[in-house]
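> This is what each chain is made of:
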Amino acid sequence: MTDAEARLRSWISTTLTVGMLLAIVVMLVGLALALVTGRGLEAGPDWVAGLMGAEPGSIVMFGVLLLTLTPVVQLVVAALAFGRAGEHRYLVITLIVLGLLVGSVAIAIVVGNR
Amino acid sequence: MTALLLGLAGLGAGAFGSLLGLGGGVLLVPVLTLVFGYPIVVAAGASLVAVIATSASAASHYVRTGQADVRLGLVLETATVVGALVGGLLAGFLPERVLAFGFAALLAYVAVILARRAMDGRADGDATEGDEDEGHRPLPRRLIVPAFASAGGAGVISSLLGIGGGIVKVPLVHLLLGRSMRVSVATSNFVIGVTAAAGAFPYLARGDVDPAVAGPVVVGVAAGAFLGARLGGRINARLLAIVFILVLLYTAAQMALRGMSG
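Read top to bottom, the protein sequences are chains U and Y.
Everything in the first sequence is counted per this note's numbering, starting at 1 for the first residue and increasing by one.
Everything in the second sequence is counted per this note's numbering, starting at 1001 for the first residue and increasing by one.
These aren't lab readings, by the way, just hints derived from the structure by calculation.
Remember, predicted model here, so these are calculated numbers, not experimental data.
Think of the CB as a built atom: it goes at the ideal place given N, C-alpha and C, for glycine as much as any other residue.
Among these hints, one or two may not hold up.
Interface residues of chain Y toward chain U, partial, derived using beta-carbon atoms under 8 Å [what the hints assert, rightly or not]:
id: 1; residue: Val1063
id: 2; residue: Leu1085
id: 3; residue: Gly1193
Whenever a hint applies, use it, and build me the whole structure from the sequences.
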């Protein structure tokens, strides 16, 4: 196995683990807070505002968002690894997937707010 | 109490799911709707997010050990992400009855094909492969169209039903592309994360992800997937295929029942 291949695997693997663990820790904090304070896990469309007041539901939703963004970050990292290794073919393929995913986020927001 | 039960349901689905290259959603959605009584959109929303956790946890292990073919996975993702988008739009138009019966038929068909392969003894080769690093094998030119069509279809089904779509991706890589069951499971897990994220964004934007359901379920699933991925290297490939066939048949029956009642 080449150094570039080891780097690619290590970067992707680390990104997935860190993103997932970070999201899980944030969700656990939200769940623990709900348990300790007795507050519910409700979170409306304006859950982001609830983060300031440490609302348990908002904290869990923040964890959900972190988790959903993890595959996106993983693609960015894969693109960097392919770029550094000079694997232009897979750099382009990774950027296409990334572009499609970002496009789907934009469409989801537009349709969701209609 | 409900949160604890949801967490335990997630733990079981996560462990079983990662062993089979399923995101776990195929098991989670029926449990959340049939056992806990949540609306399908809430079950699917929580399931898709949990699927990302399963995939991240298992794929991290599979990518590091070289069992997942990352390049093949990325090529397939160009189709699964488009499929997930199309599926999200289609979900608003197709009657659930049609989807349920179509899905039941697909699952039964795949189960039959896998069963025939297992009986032919062709799965035997997998058991001797161990954790061997197969590296990347390019997609053969003649298989590009069927592979992209199947991957696109997997993406559609994923976002329509709130599952990772491993149930289509594992047979796609194993049967169509001729890779070992182990590489198929590993690569499928890698593809599922990106596909489920593309499917989850519309649910998040619509407000269909309920933190009271998603929180405990995702934490449980992540813990289960962690256990499952570490058991994967020690489990016989033929046994894995047989379990997979049983899960396919069970899910097919569930889908048919949903179609009849829906």
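> Decide, hint by hint, whether the structure agrees.
Right, here's what the structure says about each hint:
no. : hint    : result
1   : Val1063 : holds, 5 Å
2   : Leu1085 : holds, 5 Å
3   : Gly1193 : holds, 4 Å
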